[in-house]
Amino acid sequence: MTVPGPAPAERSDEDLIAEWKATGDEAAASALVRRHVGPVARFLAGAGGGDDTEDVVQEAFFRAFRKIDSWRAGASFRTWVMTIGVNALKDLRRRTKRHATLTLEDRDAPDERRDPASEAVANDQLGRLGPAVQRLPSMQRHVFLLRAQQELSYQEIAVALGTSEGAARVHYHHAVKRLKQAMEGEGHA
Amino acid sequence: MRDQDLEQLARRVGERAARGVDPDRVAGRVAARLARGEHVRRPMRLGRWGLAVAAALTVAVLTQFEDTTVPGLGVAATPVAVSELDVDGLTEVLDSLAFDAPASEYVGFGLGTMTTDELQALLAAMEG
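Just so you know, the protein sequences line up as chains A and B, in that order.
All letters in the first sequence, in the order written, are residues 19 to 207 by our numbering.
All letters in the second sequence, in the order written, are residues 7 to 134 by our numbering.
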């Protein structure tokens, strides 16, 4: 009698990836998708996915599994999928020739930790920040989201985006500067 | 607005759109596409001639900024000394600044001193 192995949800990314590579078992791929889909979706939505976020997320994971041989063991699978998603998003925009609908969608994402008044202010700011993030040059946008939203270190960001830690810091600095200008400028308008 | 307020707010960017993404539906669709042996489809990118034209235009625009230097830009202006960056880093920073940035934001190096390889790297970065 064989002893069943751990459930996919309990296995490491590296195990699941190895299984997908060795056997093409879609259950391993699905387990990886379920594990990382939330943060990947938030990142790609922030990067401009808009109403197409689910399609872009799906494409990012699909491409990741198709080119799994280029994933380096020890690297973060999640961050790698995010960078693939950036290209998938670019391709989608090229194909459809339209930009994400910049809605006020984030205004009504309530944060239960705040009181209603400060929550209203935060929602108003969030409604302005989303479009401002999307107006950033691409490297600044991606560095900013990986740092501020995903809370990655500069070293992790540098590896993910194929740049240096120093350049990532400079991109972040300029992104913050531009966003603050945008927020303060619009706030006074 | 303080940096930490901006960062706190940034953690919520994309929350609502992401909440509409159904993990099971995405996992199912990805698995189905993999099972079908579907290939990745990408739109046509710029060909050799397209790149050549883009490169010529970019060089023409960049030479406008050839002598642009910023005397005061250093550790005090950015958390990292620009002089510590290598050519790739500088190229990326220039790329990120885009052309709508005020001239005072351009880092202090002359594009005229860049080699062909360096310019090609810059163009490659701009191609995205």
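One should not assume that every hint holds.
Derived list of chain B stretches under chain A, where covered just means 3 residues or more per stretch with a C-beta under 8 angstroms from a C-beta of chain A [what the hints assert, rightly or not]:
| id | stretch |
| --- | --- |
| 1 | 7-20 |
| 2 | 25-31 |
Some chain A residues close to chain B (C-beta under 7 angstroms, calculated; not the full set) [said to hold, decoys possible]:
| id | residue |
| --- | --- |
| 3 | 52 |
| 4 | 166 |
| 5 | 180 |
Hints were generated in silico from the structure; no laboratory data involved.
Each residue gets a CB set at the ideal place from its N, CA and C atoms; glycine is no exception.
Status of the hints after comparison with the structure:
Taking a C-beta to C-beta cut-off of 8 angstroms, the stretch 7-20 of chain B contributes 10 residues in contact with chain A, enough for the three needed, and the coverage statement holds. Residue count for the stretch 25-31 of chain B with a Cβ under 8 angstroms from a Cβ of chain A: 7. That meets the three needed, and the coverage hint holds. About 5 angstroms separates the beta-carbon of residue 52/A from the nearest beta-carbon of chain B, less than 7 angstroms, and the hint is met. Interface restraint check: residue 166/A against chain B, minimum CB-CB distance 4 angstroms, threshold 7 angstroms, status holds.
Restraint check, residue 180/A versus chain B: the minimum CB separation of about 9 angstroms is more than 7 angstroms; hint violated.
Hint compliance for this structure: hint 5 is the single one not met.
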